[in-house]
Amino acid sequence: MATSELTGPAASALNLFDRPEGGERALLVHLDTEGRGVADALEELRSLAESAGAEVVDTFVSRRKAPDPRYYIGSGKVDELAALVASGQADLVLLNHVLSPSQERNLEQALRCRVLDRTGLILDIFAQRARTHEGKLQVELAQLRHMATRLVRGWSHLERQKGGIGQRGPGETQLEMDRRMLGVRIKQLEKRIARVRQQREQGRQARRKQEVPTVSLVGYTNAGKSTLFNQLTQAGVYADDRLFATLDTTLRRVLLATGEPFVLADTVGFIRELPHQLVAAFRSTLEEATESQLLVHVIDAGDDNRDASIGQVESVLDAIGAGDIPRIRVYNKIDRTAREPGVSVDPESGITDVRVSAADGRGMDLLLAAIADNVAAERVRGRVSLRPEQGRLRSRFFDLGEVIGEDWTESGELVLEIDIRRRDLDHLYEKEGLTAPLQSLPQ
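For the sequence shown, counting from 1, position 240 maps to 291 in the working numbering; every step adds exactly one.
Simulated from the structure, these hints should not be mistaken for laboratory data.
Listed next, the in silico SDA-like pairs over lysine to any residue satisfying Cα-Cα at most 20 Å (straight line):
#1 242 to 253
#2 116 to 83
#3 187 to 239
#4 482 to 445
#5 116 to 148
#6 238 to 228
#7 128 to 156
#8 128 to 85
#9 128 to 148
#10 128 to 163
#11 482 to 451
#12 128 to 90
#13 482 to 431
#14 482 to 447
#15 116 to 126
#16 187 to 235
#17 187 to 236
#18 482 to 375
#19 482 to 371
#20 128 to 138
#21 187 to 244
#22 187 to 250
#23 242 to 199
#24 187 to 238
#25 187 to 251
#26 482 to 374
#27 238 to 196
#28 242 to 184
The calculated label-pair distances, taken between Cβ atoms and stated as ranges, are:
#29 442 to 403: 38 to 48 Å
#30 357 to 400: 20 to 30 Å
#31 152 to 246: 23 to 33 Å
#32 237 to 370: 17 to 27 Å
Please read all numbers here as calculations on a predicted model, not as lab measurements. We treat Cβ as the ideally placed atom computed from N, Cα and C, and that holds for glycine.
Given the sequences, and given the hints that come with them, work out the whole structure.
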């Protein structure tokens, strides 16, 4: 496990913190305020810790009605943890919760070892997993935003006024300088990610003009998305049985049995209480999901908590604006259960669920058939009138590559002749302010 929360260019900022060194031998801590779900919560925390490379020494559960404002966990539990750390059995404490900067600082002072909350742990895993230029930029941005919150009344040396011969200035504290340095770097990263986002959008526009639909794999982390992606594309992307094995989005073209192509996107996995700054930092990556014509929600069929995992995925999809996109559910890993490949069909919406095994390839033909049924979009053709001030809508029609011809009326309205997917037209009506009815063309 990395000994700090930061890697790459962000690592140089670590010396701003007078914090204990990290280590590999970890104590896992969970605060139980509801009296249920403790075993599952600890198991997921253990998986996160092992994914980061930590050796789990012991687990602790603190039961309180509400978090302690100073330590989050009770002072008695802090004494127990401090004794284990002092004996040399552990050198890292991982909490399955989001700590305030003061709580994290108080715990490190009491335990005299590095303390990471859930956000810091996930950031450490992401730092290890990022491989592409975009992924590294997004991870560093999330790390620096997380660090910026830790500069509020931080460690004592940050509050000392600079002094001494040749160092006297206008009175800027070290804390203020640190905050300013982080702010400058964050703005630089935001600009670079914005350029990557623009490049992605250009690629999506090219696919729209070629009428190539995009299908995105989404799901809880470790549900088998990357293994399924490899089965469908033979791409050979990295896949492993651990949390966040794949971080960077990968795109591949796939041919259906009809010979029609679609682009399949493998996206980062979701998890319970995914830190908000990670959702914000990875928004450009997750936009592949928001711009898809179909979402394939991959679910671990053998997971006893799959209903809760499904709820978490649906919550994140709603948060990024992908809640209304058509989707099918794929129950993966049936090789670990007694179920056979198959589908569930709704009389109105068609295939809704598919049972497959990405490990041995069973059910792939059923999944491709389900995708084909969904991406074979219904098209409509007609004329639509736009007012002079609706130039943005005209641009949107051209972005979609759906304009056959255009003309102006004597009253100054623009009439577009279009051939468009029904779902794209519905989106323009619902989200983009199109109000004029579509006029059918004469036969």
